[in-house]
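Protein chains: 2
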Amino acid sequence: MNHKIKTLLAIFLISGSYSFAQSDDKIIEDFEPSSVNQPGHEYPMVNSEGRVRTQIFAPDANYVKLDIGGVKYDLVKNEEGMWIGESAPQDVGFHYYQLNIDGASVPDPGTLFYFGACRWGSGIEIPSDDQDIFAVKNVPHGHVHEILFPSESTQTSRKAFVYTPPGYEKETSKHYPVLYLQHGYCENETSWARQGHANLIMDNLIAEGKAKPFIIVMTYGMTNEIEFGGLREFDITPFQTVLVDELIPYIDSNYRTLKNQENRAMAGLSMGGFETKLITLNRPDVFSYYGLFSGGVYNPEEIKNHKNLKLVFISCGSKERPDGVKNAVSELQEAGYNAESYISEGTAHEFHTWRRSLHQLAQLLFK
Amino acid sequence: MNHKIKTLLAIFLISGSYSFAQSDDKIIEDFEPSSVNQPGHEYPMVNSEGRVRTQIFAPDANYVKLDIGGVKYDLVKNEEGMWIGESAPQDVGFHYYQLNIDGASVPDPGTLFYFGACRWGSGIEIPSDDQDIFAVKNVPHGHVHEILFPSESTQTSRKAFVYTPPGYEKETSKHYPVLYLQHGYCENETSWARQGHANLIMDNLIAEGKAKPFIIVMTYGMTNEIEFGGLREFDITPFQTVLVDELIPYIDSNYRTLKNQENRAMAGLSMGGFETKLITLNRPDVFSYYGLFSGGVYNPEEIKNHKNLKLVFISCGSKERPDGVKNAVSELQEAGYNAESYISEGTAHEFHTWRRSLHQLAQLLFK
Chain A
1 MNHKIKTLLA IFLISGSYSF AQSDDKIIED FEPSSVNQPG HEYPMVNSEG RVRTQIFAPD
61 ANYVKLDIGG VKYDLVKNEE GMWIGESAPQ DVGFHYYQLN IDGASVPDPG TLFYFGACRW
121 GSGIEIPSDD QDIFAVKNVP HGHVHEILFP SESTQTSRKA FVYTPPGYEK ETSKHYPVLY
181 LQHGYCENET SWARQGHANL IMDNLIAEGK AKPFIIVMTY GMTNEIEFGG LREFDITPFQ
241 TVLVDELIPY IDSNYRTLKN QENRAMAGLS MGGFETKLIT LNRPDVFSYY GLFSGGVYNP
301 EEIKNHKNLK LVFISCGSKE RPDGVKNAVS ELQEAGYNAE SYISEGTAHE FHTWRRSLHQ
361 LAQLLFK
Chain B
1 MNHKIKTLLA IFLISGSYSF AQSDDKIIED FEPSSVNQPG HEYPMVNSEG RVRTQIFAPD
61 ANYVKLDIGG VKYDLVKNEE GMWIGESAPQ DVGFHYYQLN IDGASVPDPG TLFYFGACRW
121 GSGIEIPSDD QDIFAVKNVP HGHVHEILFP SESTQTSRKA FVYTPPGYEK ETSKHYPVLY
181 LQHGYCENET SWARQGHANL IMDNLIAEGK AKPFIIVMTY GMTNEIEFGG LREFDITPFQ
241 TVLVDELIPY IDSNYRTLKN QENRAMAGLS MGGFETKLIT LNRPDVFSYY GLFSGGVYNP
301 EEIKNHKNLK LVFISCGSKE RPDGVKNAVS ELQEAGYNAE SYISEGTAHE FHTWRRSLHQ
361 LAQLLFK
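Just so you know, the protein sequences line up as chains A and B, in that order.
Heads up: the first sequence begins at 1 in full-length UniProt numbering, then just goes up one per residue.
Heads up: the second sequence begins at 1 in full-length UniProt numbering, then just goes up one per residue.
FYI, nobody ran anything at the bench for these hints, they're computed from the structure.
Be aware that a few hints might be false.
Note that identical chains are pooled: a pair holds if it fits in a single copy or bridges any two copies.
[As the list claims (entries may be wrong)] Below, in silico cross-link-like pairs of lysine-lysine (DSS-like), each with a Cα-Cα straight-line distance of 27 Å or less: (1) K65 x K26; (2) K326 x K170; (3) K259 x K174; (4) K307 x K326; (5) K210 x K159; (6) K26 x K304; (7) K212 x K72.
Using the sequences and the hints given, assemble the complete structure.
Here you go:
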């Protein structure tokens, strides 16, 4: 698994310039509890620099480390047996992390748990200027349905989450467009609604009149078993069959959707962008809006026969390959396509880049 | 917190006769991975005796313990730095547990995480003869909606989960009865659908024609802040307001419900049973079916003015106070009430008792 993750990082993750906390760094003492802590837990905390401070009671441990952003930071034991310490400043947004106690990698019991890095484990939220986009506000809220849909090709009942916009249950004659939205490698079908807050982003945009109400469908992209060294031989067929031939018909038959290409979008982050690209190229008859978040680009030649294509949206963090994204979109625009780029300022290959990307894309869809 | 939990146990939990694994116990070597492990994880495992065996890599630890059922079992380190060991046999069904590494209580990173014991932490499933009641089968599946409903009394948007039976989205003219179903102390609104599998129990019963399709609503009972020493002074009013005056109107306005007392039930486990009793006594005009799972009893005098009461269902595990439940139900029956008791064989104050209780109650509701 570790090898896979490293290879993944080599392929998808670009930047990540980590500044180590030096012993003479002055730490600003304005720490507050992370917004994604377990109920009643004060730690972990975050300060205005984006440093993470955590603590754990481990009176008989030889050492405890905070393992975040690819760096392990030593915690220090106090007289009561509590280990405490902090990381260097982290980028704004959401990060997966863990503790290491005498060599054991374990979740920090202070936090809620998220599926990322191929495991259910700890997460932390570094406040950002624009976190308001996914705040729980006093606006009408959509619902997130957990569903099991039948899949003949895999002989399983498969899980998906379906966001229905505010009013869906009441306005029983209205039909809606649908965005199929994919997570990244080492994430799963829960990631977009939990750490991505796709539902809250939509609730807020709809309340502000900035997005058309639409349904979002999030399922497991069958990505986590992929050997990344073998990406070129990656076979999209099994997932394409599940998505296009099984899930879409289930959604169209169980939800009040607009059942045509013009009202169907697909987007994904990282590996999910790669899947979006492969599926839209293989099946140019299914979706009219394509979104790649930190997940590659299209060139004009690849999509020249896509007659019902209405929008190509490509994004990444400013700490990834922003020039690659901007150049690709310029080329598409010059070739006459409706293409948009978006660069998330100050973020890398992590979920805040993708929350912002969804926030941008949602305002362009189905208009 | 520990004090609260101990007091809770003193009040609600009765039996629990734990047999310690002796060094000369012969352990049956037929361990298999627990069904609620993280993807790709072999450990923890369970054998046919119900013993739990787990392992964790902690090369520099001084000791590691498996903490389950109120007992801490020592694990033993092998040459590679892996700690491994097992518990005494556990009751069938679902148990919360944790690891202890050099004094630090942490989740076992091998398992999925559940909210119980007032924390998100590890869970394990000991196979039972009747686990088929919540198996994922090739039958039509209902959906579990995560919703946010507005609560004026608490000035918050509050979370709830809503199970809609198979076909709900399609049969848009049909209206359904509703069961309001409460978790226990130190659990939350996620517990009934995750470790309780309320949705799968219903899907299977409906497919077999054994239960009428109905909606289930599960929200947070505001219980976990209660000081259990102060149970007699426990004020149900805040939660009663949220449930009866805010959540029910939201559900009735957003879902296709049958909006009357005859088509409304309330049930709860442990502390949720206590809440069910208090709310149904305070508001005899709201529900027609009452269910207490390991959560107290009604006496005939208490409900003598409940004109629209159709059923009282009271249950517990055989390792709790089965005689108390049976006697209370006999008294109710003698007084002319439609009352049913159910005793879960071989289980104590844990979720398998409550899954089975729901399985029984669901077959009696709204008929």
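Each hint, compared with the structure:
no. : hint        : verdict
1   : K65 x K26   : within (20 Å within a copy, 39 Å between copies)
2   : K326 x K170 : neither (42 Å within a copy, 44 Å between copies)
3   : K259 x K174 : both (13 Å within a copy, 23 Å between copies)
4   : K307 x K326 : within (23 Å within a copy, 71 Å between copies)
5   : K210 x K159 : between (30 Å within a copy, 25 Å between copies)
6   : K26 x K304  : neither (56 Å within a copy, 70 Å between copies)
7   : K212 x K72  : neither (44 Å within a copy, 55 Å between copies)
Violation of the numbered hints given earlier is confined to hints 2, 6 and 7; the remaining hints are satisfied by the structure.
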